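Asks: With the hints as constraints, model all of the structure from the sequences given.
Line by line, the protein sequences are chains A and B.
Counting along the first sequence from 1, when you hit position 140 you're at 140 in this note's numbering, and nothing is skipped either side.
Counting along the second sequence from 1, when you hit position 171 you're at 171 in this note's numbering, and nothing is skipped either side.
Some clues are possibly wrong.
[Stated by the list, open to error] With a cut-off of at most 30 Å between alpha-carbon atoms, the simulated DSS-like pairs for lysine-lysine come out as follows: (1) K121/B - K63/A; (2) K80/A - K121/B; (3) K51/A - K121/B; (4) K51/A - K28/B; (5) K129/A - K28/B; (6) K107/B - K121/B; (7) K125/B - K83/B; (8) K15/B - K129/A; (9) K125/B - K80/A; (10) K203/A - K51/A; (11) K83/B - K101/B; (12) K28/B - K101/B; (13) K15/B - K71/A; (14) K83/B - K80/A; (15) K129/A - K121/B; (16) K133/B - K121/B; (17) K63/A - K129/A; (18) K129/A - K203/A; (19) K141/B - K129/A; (20) K97/B - K129/A; (21) K51/A - K107/B; (22) K133/B - K101/B; (23) K141/B - K51/A; (24) K141/B - K125/B; (25) K121/B - K71/A; (26) K125/B - K71/A.
Treat the hints as calculated values from the structure; they're not laboratory data.
On a predicted model such as this, the values are computed, not experimentally measured, just so you know.
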Amino acid sequence: MTEHDHHHHHDDHSELSETELRVRALETILTEKGYVDPAALDAIIQAYETKIGPHNGAQVVAKAWSDPAFKRSLLEDATKAVATLGHVSRVGDHLVAVENTPGRHNMVVCTLCSCYPWEMLGLPPVWYKAAPYRSRAVKDPRGVLADFGVSLPRETEIRVWDSTAETRFLVLPMRPEGTDGWDEQQLAELVTRDSMIGTGFPKTPGAPS
Amino acid sequence: MNGVHDMGGMDGFGKVEAEPNEPMFHAKWEGRVLAMVRAMGAAGAFNIDTSRFYREALPPAVYLASSYYRKWLLGLEDLLVDKGYIAASEVAAGHAKEPAKPLKHGKFTTDDVERVMVRGKFGRKAPAPARFKPGDRVRAKNMHPATHTRLPRYTRGHVGVVERNLGCSVFPDTAAMEAGENPQWLYTVVFDGTELWGPDADPTVKISIDAFEPYLEPA
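Replies: See below:
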């Protein structure tokens, strides 16, 4: 086989895995039966790739850090509060924001499947959906945090939120020191995905990212 | 069901390994599976609880050995076959061979995409007053339905405190089995780590679940 042939075969997907073949077969069947338009599937994927992601959650957190009235309404009714922000308004119902304080750290899991605030954080990472996190987060949260390199004072209360219904949880991390006078855009850049799940902290000003 | 999906408190799965700069999809087919599940659900072939139940019902060894989107694919195939939208012979052939079954909301087209990007509403009108209020001590029932439930095993039989009334909501246990929305009150219930994991557990840990009223009894 020449090198060209080899590439050609890859381009033709002639070496598809069993899973890929099965996915293609199912899509063919659903299309042939008139259940779905494949262009609509393309559009769903594109929407996930472009419209959702942790930048939405980061804007909410940065706003809460900057605006005490917004923070109060976020903690009281996160769905309603987020709906007032035009650019990230389409979260739908059942969002709850939980605040980290010096005395209490919040952490979110779904032990039964993979419930996650998609609209705020995007699609969940593999570790969030996998057995090690789902099994241990409720029994040994400090051990799980150690896997992320996160250590909390011994006396800090840890509250683990198991997402067993349609409520979705967003952790409001503590605002980093040294950010006085920062605007929302600057603050949003410090907010990491993991800090909004509760398995990390926001970035520290000046630290290498 | 007491399935392997109900993982809270299990040991032996090892460390949490986060992948740096993880891509949204690790292969193109993962996106296709996600899109097919969302599209067929929005077209009315099934509700979210039924799709969860079909993933839980995969054989335990398959569940544990399959990647996340592989589980979604296998669950979707089984569900669509069981509900008569596709035939097992079609899956084997890779082509349609039977007439289509009408979908409740019709064919899923590009006009429907925006709809699936907005989260559904699960709140419903209350059929009866709430039985519990914040501050009440409640016990998670010792119940083991062989069908879908959202009461994790690690809480069953244990006592916690109602923290918040989340309103009345579609009941997954019946919705998953296509036995109706059967709205129920939903509460955040908080348990001490030591109540769930014994006196040697970390005393600073508290765990909460969102529990539907039929999962709870006064304690």
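Asks: Which of the stated hints cannot be reconciled with the structure, identified by number in ascending sequence?
Replies: Violated hints: 13, 14, 20, 22, 23; rest satisfied.
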